[in-house]
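Residue numbers (the numbering used here), protein chains in the order written: chain A, 1 to 532; chain B, 1 to 184.
Be aware that a few hints might be false.
Said to hold, decoys possible - When the alpha-carbon atoms are kept at most 35 angstroms apart in a straight line, the in silico DSBU-like pairs for lysine-lysine are as follows:
hint: 1; chain 1: A; residue 1: Lys16; chain 2: B; residue 2: Lys7
hint: 2; chain 1: B; residue 1: Lys7; chain 2: A; residue 2: Lys19
hint: 3; chain 1: A; residue 1: Lys532; chain 2: B; residue 2: Lys7
hint: 4; chain 1: A; residue 1: Lys16; chain 2: A; residue 2: Lys283
hint: 5; chain 1: A; residue 1: Lys199; chain 2: B; residue 2: Lys7
hint: 6; chain 1: A; residue 1: Lys199; chain 2: B; residue 2: Lys16
What the hints assert, rightly or not - Negatives, chain A to chain B, calculated, CB over 12 angstroms:
hint: 7; residue: Phe39
hint: 8; residue: Ile52
hint: 9; residue: Phe121
hint: 10; residue: Phe212
hint: 11; residue: Tyr288
hint: 12; residue: Pro316
hint: 13; residue: Val338
hint: 14; residue: Gly420
hint: 15; residue: Phe448
hint: 16; residue: Gly453
Said to hold, decoys possible - Residues from chain B that face chain A, not an exhaustive set, calculated with beta carbons under 10 angstroms:
hint: 17; residue: Phe29
hint: 18; residue: Asp36
hint: 19; residue: Val37
hint: 20; residue: Asp40
No lab work stands behind these hints, which were simulated from the structure alone.
All residues carry an ideal CB built from backbone N, CA and C; glycine is no exception.
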Amino acid sequence: MSTAAAHDDHHHHAPKGLKRWLFSTNHKDIGTLYLWFSFAMFMVGGLLAMVIRTELLEPGMQFVDPEFFNQMTTVHGLAMVFGAVMPGFVGLANWMIPLMIGAPDMALPRMNNWSFWILPFAFLILLSSVFMSAFGAGHPSAPNFGWTFYAPLSTEYGPASTDLFILSVHMMGISSIMGAINVIVTVFNLRAPGMTLMKMPLFVWTWLITAFLLIAVMPVLAGAVTMMLTDRHFGTSFFNAAGGGDPVLFQHVFWFFGHPEVYIMILPAFGIVSAIIPTFARKPLFGYASMVYATASIALLSFVVWAHHMFTVGMPLAGTLFFMYMTMLISVPTGVTVFNWVATMWRGSMTFELPMKWAIAFVILFTCGGLSGLMLAITPVDFQYHDTYFVVAHFHYVLVTGAVFSMFAAAYYWLPKWSGVMPNKLLGELHFWSSLISVNLLFFPMHFVGLAGMPRRYADYALQFADYNFWISIGGFWFGLSQLLFLAVCILCALKKGEKAPARSWEGAEGLEWEVPSPAPFHTYDTPPVVK
Amino acid sequence: MSDNSLKQRNQRTLRKLLIWAVAMFGFAFAMVPFYDVICDITGLNGKTSTTASTEGPSQVVEDRTVTVEFITQRGEGVNGDFTAATRRVEVHPGEITLVNFFASNPKSSDIITQSIPSVSPGEAARYLHKTQCFCFDQQSLAAGERKEMPMIFYLDPELPRHINTLTLSYTIFDVTERVAATNN
Numbered sequence: 001m002s003t004a005a006a007h008d009d010h011h012h013h014a015p016k017g018l019k020r021w022l023f024s025t026n027h028k029d030i031g032t033l034y035l036w037f038s039f040a041m042f043m044v045g046g047l048l049a050m051v052i053r054t055e056l057l058e059p060g061m062q063f064v065d066p067e068f069f070n071q072m073t074t075v076h077g078l079a080m081v082f083g084a085v086m087p088g089f090v091g092l093a094n095w096m097i098p099l100m101i102g103a104p105d106m107a108l109p110r111m112n113n114w115s116f117w118i119l120p121f122a123f124l125i126l127l128s129s130v131f132m133s134a135f136g137a138g139h140p141s142a143p144n145f146g147w148t149f150y151a152p153l154s155t156e157y158g159p160a161s162t163d164l165f166i167l168s169v170h171m172m173g174i175s176s177i178m179g180a181i182n183v184i185v186t187v188f189n190l191r192a193p194g195m196t197l198m199k200m201p202l203f204v205w206t207w208l209i210t211a212f213l214l215i216a217v218m219p220v221l222a223g224a225v226t227m228m229l230t231d232r233h234f235g236t237s238f239f240n241a242a243g244g245g246d247p248v249l250f251q252h253v254f255w256f257f258g259h260p261e262v263y264i265m266i267l268p269a270f271g272i273v274s275a276i277i278p279t280f281a282r283k284p285l286f287g288y289a290s291m292v293y294a295t296a297s298i299a300l301l302s303f304v305v306w307a308h309h310m311f312t313v314g315m316p317l318a319g320t321l322f323f324m325y326m327t328m329l330i331s332v333p334t335g336v337t338v339f340n341w342v343a344t345m346w347r348g349s350m351t352f353e354l355p356m357k358w359a360i361a362f363v364i365l366f367t368c369g370g371l372s373g374l375m376l377a378i379t380p381v382d383f384q385y386h387d388t389y390f391v392v393a394h395f396h397y398v399l400v401t402g403a404v405f406s407m408f409a410a411a412y413y414w415l416p417k418w419s420g421v422m423p424n425k426l427l428g429e430l431h432f433w434s435s436l437i438s439v440n441l442l443f444f445p446m447h448f449v450g451l452a453g454m455p456r457r458y459a460d461y462a463l464q465f466a467d468y469n470f471w472i473s474i475g476g477f478w479f480g481l482s483q484l485l486f487l488a489v490c491i492l493c494a495l496k497k498g499e500k501a502p503a504r505s506w507e508g509a510e511g512l513e514w515e516v517p518s519p520a521p522f523h524t525y526d527t528p529p530v531v532k
Numbered sequence: 001m002s003d004n005s006l007k008q009r010n011q012r013t014l015r016k017l018l019i020w021a022v023a024m025f026g027f028a029f030a031m032v033p034f035y036d037v038i039c040d041i042t043g044l045n046g047k048t049s050t051t052a053s054t055e056g057p058s059q060v061v062e063d064r065t066v067t068v069e070f071i072t073q074r075g076e077g078v079n080g081d082f083t084a085a086t087r088r089v090e091v092h093p094g095e096i097t098l099v100n101f102f103a104s105n106p107k108s109s110d111i112i113t114q115s116i117p118s119v120s121p122g123e124a125a126r127y128l129h130k131t132q133c134f135c136f137d138q139q140s141l142a143a144g145e146r147k148e149m150p151m152i153f154y155l156d157p158e159l160p161r162h163i164n165t166l167t168l169s170y171t172i173f174d175v176t177e178r179v180a181a182t183n184n
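Looking at chain A on its own, in the form it has when it is part of the complex:
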């Protein structure tokens, strides 16, 4: 009791050591955990990509066998999608949403703790299969069917570790759903007085819409892996033609989840960029309301375009036309958002601090990725591009230079608020320019080899692709190493080494998060702020 009494003396004092992190219900601590976890998975996924690029450095087989190569592409995709991008955005949501709407914490703090702590175990289970494959006796295969785990590759032909994969996907799904529920409850119930829905910062809006998408489709993914599990072990035939099922059904169920999933990975990025560009253009965001409606329409349309991933399975003409037009329709609201960012910069008093650099790179390169997406949407053209490196180039432009770049922008923008010190300028500049050049060296030539017909997911390629692949690999190693600079920036901030940050860390920054001191105290907005 005496220790408890001693603790009572510092009412607002955070618990120390491991317990602080294990039992934390504080949105800032949990946000920090999410962000570090996301970065760790970014490194793990990156390491697997390095194995892929080492094998593809030269034609022929020299470094790993094709079976192991397939495991690398599979787990690289899973680690990046479910480990790096999604938890990264959840981390940002945890940190920023309560600060932005003037709430003291997330609405369901204990669930928040749980939704984070499931994740490391989910990935421990998944990555254990990779360890066993690389170092275990007999080298049992890790999941090797691609991150899309199409049946029957993952059902009849799946390795034993597929069951580890199923369990870990279930856990990731539960974690995401709980995270999403928390965001919605917080935004609906904990906004400060005067903070009407149409006054919320766009990051909160895009996350609210993302959270609805998550609740709608993560259970569908859970359903898909459950059907896989029963097909594998309990004699059902959802996807097994021999028992009256249909493997193509798997693709429909998967992409019904998978397409909204890609917007889950990009909509929060729209919110981040919509916060940063006005700050450094020193103008309010152009077309706030149209931005909200555009984001909502993208989310709605994302439910009726899934079959553009499967144009080649042999759909009726009417079906392919429907999905082609719906897909192209998405470029309209997306165009609105890009137009608004450009219009915000138009005649603004622009300065180019680190967050702004990343945000502008995002706008340009994400638009590149959107354009190749538009090409892929054209059904007859897709028959040629399907499963080539052109597709790989497309989705890496929208996910790496899109989602990941936006998270770097967010990190540089809000690191002063999180840590109380400005991120190191020299390292930051090096990180930006090094990443920008290497990422284009890495992904741009993939368009060319893809158009020339180089298929994805092979450990080898025709000799004609050798030169391009050499430079792609060099770009890959360079981009991977550049991220160590970001690690250095983060560590310096965590150690509070650097220029002290004022409460309003950037001259033109607007919003409630800049009203609290830097670093943000452990508890903020115990009494709600007044929003005019």
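Given chain A, put chain B in place with the hints provided.
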């Protein structure tokens, strides 16, 4: 007081969202029968009817000839022969045609097989009527047996004019273990 009502509001929102999540989990399974219905209506994926057609053709369209091609494939675990007696036939819509298929079992144990049909283009699937097919039931093959399996079909006289060739593909699967598992 206000704290208490906030807690209640949070829990109300939480409950609604949880129900939605559970409903979407159910929706994933509802997609299975829904998909079958869509396949039936649109011929998506070239699924033909799994039961024998009881009505005969209303007429034979003598002035029209359609090519029907046959493809056979062996699924995982089947190592015997599986062939059609003929690779292609020319038929008039409404004309009743018999085609024999052969399957053999070189293994030293009996097996049970199931063949799964698929029609390309998928649009033609619902115009292909089978009055008899080995694919309607599981076929058992004794050790070393070679079996003749007949299939009788006719094309609907209403077959759209632009379809001049259609391909009927069969994949044979060994379902011995699956049947044994169900019987246990």
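Here is what the structure says about each hint:
{"no.": "1", "hint": "A:Lys16 to B:Lys7", "result": "28 angstroms, holds"}
{"no.": "2", "hint": "B:Lys7 to A:Lys19", "result": "26 angstroms, holds"}
{"no.": "3", "hint": "A:Lys532 to B:Lys7", "result": "26 angstroms, holds"}
{"no.": "4", "hint": "A:Lys16 to A:Lys283", "result": "42 angstroms, violated"}
{"no.": "5", "hint": "A:Lys199 to B:Lys7", "result": "24 angstroms, holds"}
{"no.": "6", "hint": "A:Lys199 to B:Lys16", "result": "25 angstroms, holds"}
{"no.": "7", "hint": "Phe39", "result": "28 angstroms, holds"}
{"no.": "8", "hint": "Ile52", "result": "28 angstroms, holds"}
{"no.": "9", "hint": "Phe121", "result": "21 angstroms, holds"}
{"no.": "10", "hint": "Phe212", "result": "9 angstroms, violated"}
{"no.": "11", "hint": "Tyr288", "result": "25 angstroms, holds"}
{"no.": "12", "hint": "Pro316", "result": "5 angstroms, violated"}
{"no.": "13", "hint": "Val338", "result": "31 angstroms, holds"}
{"no.": "14", "hint": "Gly420", "result": "31 angstroms, holds"}
{"no.": "15", "hint": "Phe448", "result": "33 angstroms, holds"}
{"no.": "16", "hint": "Gly453", "result": "24 angstroms, holds"}
{"no.": "17", "hint": "Phe29", "result": "6 angstroms, holds"}
{"no.": "18", "hint": "Asp36", "result": "8 angstroms, holds"}
{"no.": "19", "hint": "Val37", "result": "12 angstroms, violated"}
{"no.": "20", "hint": "Asp40", "result": "12 angstroms, violated"}
Hints 4, 10, 12, 19, 20 from the list above are not met by this structure, while the remaining hints are.
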